[in-house]
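Chains as they are written, first to last, in our numbering: chain A, 210 to 473; chain B, 14 to 616; chain C, 16 to 214.
Some clues are possibly wrong.
Straight-line C-alpha distance at most 30 Å; calculated DSS-like pairs for lysine-lysine [to be verified]:
(1) Lys474(B) with Lys394(B)
(2) Lys38(B) with Lys50(B)
(3) Lys212(A) with Lys350(A)
(4) Lys38(B) with Lys212(A)
(5) Lys394(B) with Lys212(A)
(6) Lys435(A) with Lys372(A)
Computed footprint of chain B on chain C, listed as stretches where at least three residues anywhere in the stretch have a Cβ under 8 Å from a Cβ of chain B [stated by the list, open to error]:
(7) 82-88
(8) 141-149
Here are some, though not all, of the chain B residues that point toward chain A, as calculated from beta-carbon distances under 8 Å [unchecked claim]:
(9) Gly95
(10) Val96
(11) Pro99
(12) Leu293
(13) Met444
(14) Arg502
(15) Arg519
(16) Pro566
(17) Phe569
(18) Phe572
(19) Gly573
Note that these hints are calculated values from the structure, not bench results. Ideal Cβ positions, reconstructed from N, Cα and C, are used throughout, including at glycine.
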Amino acid sequence: MGKSFAIAVSVIALLSAGVFAARIWWLPPDISALGLRIDGQLAETMVFTGVLFVAAQLALAAFVWQSTGRTATIRLFPGGPMPLVGAATAIVGLEVLALVFIGTRVWSQAFLTPAPANAIHIDVQAGQFAFYFRYAGPDGKFGVPHPELINEGESNFFGLDPKNDTAARDDIVSASLVVPVDQPVLLTMHSKDVGHSLFIPQLRLQQDFVPGLIIPVHFTATGITKTEIVCTQLCGLGHYNMRAYFEVLSKDDFAKWLTDQAGQ
Amino acid sequence: MSASITELPPTAPHHHVPPESFLRKYVFSLDHKVIGKQYLGLGLIAVCTGMFLSWIMRYHLAFPDKAVPLIGWIAPTFAAGGVITPEFYLQLMTMHGTIMVFFVLTTAPFAGFGNFVLPIQVGAEDMAFPRFNMMSFWVTFVAFAVLVAAFFVPDGPPLSGWTAYAPLSAVGKASGPGEGLGQTLWVISIGIFCIGQLLGSLNFIATTLDLRAKGMTLARLPYSTWAWFITSMIGLIAFSVLLPACVLLLLDRVAGTSFFIPAGLVVSDAVQPHSGGSPLLWQHLFWFFGHPEVYIAIVPGFGIISTILPAVCRKPHLGPRVLIGCQLAIAGLSYMVWGHHMFLSGMSPASATLFSVPTLIITIPAAIITLLWLGTIYGSKLRLSTAALFCLGFVSVFVTGGLSGFFLSQPSIDTYLHGTYFVVGHFHFVMGVAAMFGIFAGTYFWFPKMFGRMMNETLGKWHFALTFIGVYATFMPMHWLGLEGNIRRYSSFPSDYMHGSLPLHRFITFSALFLGAAQLIFLVNLLWSRLRGPVAPDNPWEATTLEWSTTSPPPFDNFGGVHPVVYHGPNEYGVSGPRGDYVMQTDPPMAATPVAATPVAVT
Amino acid sequence: MSIAKGMAPSSAARTGVWVGIGAITMSFAAYTSAMVVRHGSIPEWQHFTLPPILYWNSLVLVASSVTLELARQRIGGPFDRLGHSASLLAAKSRAWLPWYGVTLALSFAFLAGQYLAWKRLSGEGVYLATSPSSSFFYVLTALHALHLLGGLAALVYALRCLRSDDGPRPVNVLAAAALYWHFMAVLWIYLLVVLALWV
C-alpha cells in the first residue's frame, strides 16, 4: 500500500504541475499597462511554488517508499530539525522578501498613485444586477446623483435631476464601459444598494464597490478589444448574470462613440 | 462520600458518581467522553448534510439546464420540478459553507476529539467544568437546530454566503429571497454557536493548565493536547469578536440600527431608512474572527498528525519543541493577517501591504512544520494502518493547499485571483481536504479507544485510496478554472461567458460525486465496526500517550481509580525498553537505550 | 445534596474566571474599537451628553466591590491542611453577612440607576436607533448590565454555598465570583471613559 501511495502522489504531483506549466488553462492575454508586471509576478510565484510543490510531494513519496517493506530501517533525519528550520526560513523568507518588494511596487502603482491628470473620468454605479457608466458629457461636469430620484423604469439610473441641475443635463449614461486605447481612465465607483465588485480579467483589474463609499480606481488599456466586466462580489440572486461589456476603441472611434451618445 | 474526597490529592477534581438513568448517561452527560462523541456525532450529521448540499450545487453547475434528480421531491417549494433557481443555488451554497465551517470543522477536530482525548492525555478524570462542558455541546446543538430551521421558513435560508457581508445581510428581505427570517435565524444560530465554543475553550484551557497528572509537565504534553490547547486560545479571542459582530448585525436587522448600513441605499426601489453604518466594519469584525477560524480548523489536525506519525513510524517526531513553537507562532500571526481577505474591499490600499507581509511570513512556520513531518517519515518503519495513510495524505494535501495560498497572499496577484475558483480550490484543499483528513486520521486512530472495537482495515484502505484520488480530482482543477478567470458563487455560467469552462466543471462534478460515494465506505465501516468490529486491546497502536495506558474504552473516571504518574514525554519511540521499541509516558523511569545509532533528543 | 457534585479544584476555578475575563474583554474591545473608528468617520454621529446619573452609578458599583471585599475579609475561621474549615456555619464571625447584603443591594441599585439613565435618554428622544452614537451607547451599557447580571447570579450562588456547604469550596466559589465582580467594575469604568470621550 505504501508503495502505491508513493506512486500515486508522484503521478498526481507531476501531472498537476505539468498542467500548470503547460498553461492549458490560463489567464487571458493582458491589455493593460500594469498587466505585464502582474503576470510576471504570477509566473515567478508559479515557478517557486511549483518547485516546492513537486519537491515536497516527491520527497514524501520517496520517504514513504523507503519506509515501507522489509528493508526499512529506523534512521533519524540527519542534523536534526535545525537545518530544516534554517532552510525553510532562508528559502521561504527570501522569496517572501522578493515578492513583497516587487509586489508592493506593482500594487502602489495600481492603487496608491493618483490617476494622471489627463485621465478620462467615468462614474460607475453598481446595483442589483447591472453596471451603469456615466460620462460627463460635453460640459465636462458630472451632475449630482440623488438616490431618492433613482427610477429604473424611466432609465434614470443615477437619480439625476436634469430639471434643476444643469451639469446633469448632458451626462451620458451607458450600459457598457467604452474607453479609448492608450488613455488613462479614472473610474469612480459607488454602489446603489449592496456590495458588488468590478472585474476586468484582461486588465487584471478588480475592485469592490462599497456602499457608502466612492472608490477611485484607474487603468490604461493598451489593446483594442471587446470583453466582459463581471461582478465578483455576491450581491444576490442575479449575481451570476451581472455583467457589462467593456470595449476599448481607437481614439477616433471613441470620439465618434462619445459624440453619438451625446446626441441621444 | 467524604472519605473518598479526602483521599484525592488537592489538585484532582472530585468526581461525580457514574449516572444511572438513560438521560444522564447518554443525553445530558457530564462525562467528557460522551460529550466528545456527541460532538463527533453532530459533526457527522453536519458533514453529511453539507456534502449533500454540495452535490446539488455541483450537479447544477455541470448541467445547468437539467433538473436535479430527487430535489423536486425533497424541496418542492424552492426547487419545483428539480429546477435549481439562482437564489436556491446561493441558499444551498450559504448553508453548505456555514454548516461545513462551523458545524464540521470547528466541532469535530477540536470539540469532538479534544473533549474525548485531552482529559485522558493529561491524566485527569474529566474536564475542569463538566457542567459547562455539557452545556457547550447542547448550546452548539441548539445553534445547529436554529440554523437548520432556516430551511423550513417560507423564504428559505439566506443567500449571502457563509461570510454574510453587509448590507446584503443587513437590510432584510428587500435584498433577496431568504434575507428575511432566514438570515435572522442564521445570525442567531452563529451567535449561539459562539457561546458554545467559548464554553468549550474555557474547559480546554483550565483542564490543560490545572488538571494535569503528577509528572505531566507542559513539556511532556502530547502534541495533540498542545494543539487543542493552542486552538482553544485562538478560539477564545476569535469567537469573542464574532459574537459582537452577530449582535450588531442582528440589531441592524431587527432594531433599526445602522452599524453596517450607510445612508442612501436604494434596495428594491426603496430608499433604506438607515445611515451612518459601514459595510467594511462587518468585514473587519468578521475576518478578524474568520482568519483565526481557519487555524482553529487546521491546528487540531496538526496535533493529530503529530501524535499519530511517531506511533506509525516507530520513531520520535522530529523537533517537537520547534513544532510547538511554530504552532504558537502561527496562532499569534493568525491575528495579524485578516485583511488579506479584504485586499480589494475598499479599505486603505496601504494596509494591504501591512496584511500581506505577515500572511507571507506565516508560511514559514507552516513550512517548517511540514518539513518536520517529512523528517519524521524519513527513515521510518511505517505501519501502514488507515490512520497512518490519512496522516501521509494530510501532508500531501496540506502542501498543495498551503502553496496555493502563496498566490492569494500577494495583493497584486489577488487583484486577478480574488473571487475566482482559485480561492475555492485553495480553501477546499486546506479546510475541506486537509482538515477532513485530520478528522479521518483521528477517527481511525481513536475509534478503538472510544468504542472498544477495531475498525476494518480493508474498508479503511479503500476509503483512503478512493478519497485521496477523489480530492485531487475534485479540487485541483478548480485552480485552473480560477486562472482562467472563472468566478465563484455563480449559480451558472451564462451562455456567452465562461461557457468554455463547462467541461472542466463537469469533470469536477463527476469527481465530487465519486468522492461522495467513497465516503459511504467510511460510514459503513463506522457502523459495522461499532456493532461487530473485533474487540480492541488497550494499546493496539503501541503508542506512548496516556489514553493507551487505560482500557478500551476507558472506565468512567478514565483510569479506574488510579491516578497516573508520568515519567516520560510522549516521544519515546525507537527506543528499547521492556515493551519493545517504545516507552509509554506512565512507564517507570529507566535509562532508555535508543534503537537508532544517533541519540534521540528526549523532551 | 448527598451526592457530591463535580467540583473543580480552586486553581481551575480561577483559571476559568480569568479565561472568561479574557473573552469578555476581547468582545468589549471589539465593540469599543468599532465605536471609536466609526465616531471619527461619519457626519451622522450626533454627540450627546451622558446622563449624570451614570457617574453616580459608577461610584455605586465601585462601592459594591469595596463592600464585597469587606465581606470576604470577615469570613474567618481556621482551615485545616486540606482546606476544611471547622464549620463555616459554626464560625462565630457572621459579620460578613451584612456586608454581603450591602453588596447585593448596591448592585441592584446600580442596575436601577442604569435603567434610570436609559429612561432619561429616551425621554430626550435618544433611542437605540436614533444615531450611531446612541446605538453604541445602548449596546455597550445593555451588554455590561447583562454580564453584570451574570456576576450577580454568581454572587447569589456563592452566598448559597457559604450558607450551606462546608469545606474550602464555598470560599473558592466566592473568590471566583469576587474576581469576576471586580472585573465588572473595572469594565464599567473603561466603558464610561470611552462613552464620555466619544459618544
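Identify whether the interface hint at Val96(B) stands, where standing means a beta carbon of chain A within less than 8 Å of its own. 14 Å, violated
Hint validity - Pro566(B) Cβ closer than 8 Å to any chain A Cβ: 28 Å, violated
Can the restraint linking Lys474(B) and Lys394(B) be considered satisfied, given a maximum Cα separation of 30 Å? Satisfied, since the Cα-Cα distance of roughly 18 Å is no more than 30 Å.
Pair hint Lys435(A) and Lys372(A), alpha-carbon separation not exceeding 30 Å: 35 Å, violated
Between the region 82-88 of chain C and chain B, see if three or more residues pass the 8 Å beta-carbon test, and mark the coverage as holds or violated. violated (count 0)
Taking 8 Å as the limit, does the beta-carbon of Phe572(B) come near enough to a beta-carbon in chain A? 31 Å, violated
Using the nearest Cβ pair, does Gly573(B) come within less than 8 Å of chain A? This interface hint is violated because 34 Å lies over the 8 Å limit.
Does Arg519(B) hold up as a contact with chain A if the rule is Cβ-Cβ below 8 Å? 14 Å, violated
Minimum beta-carbon distance criterion (8 Å), Leu293(B) to chain A: With a closest approach of 6 Å, the Leu293(B) hint holds.
Would you check whether Met444(B) satisfies its interface hint, that is, whether its CB is within less than 8 Å of any CB in chain A? With Cβ-Cβ at 19 Å, over 8 Å, it is violated.
Just to be careful, I want the Cα atoms of Lys394(B) and Lys212(A) compared with a cutoff of 30 Å; is the pair within it? 13 Å, holds
Is it true that the CA of Lys212(A) sits at most 30 Å from the CA of Lys350(A)? Answer violated: Lys212(A) to Lys350(A) is near 71 Å, above 30 Å.
Consistency with the previously given hints fails for numbers 3, 4, 6, 7, 9, 10, 13, 15, 16, 17, 18 and 19, ordered from lowest to highest.
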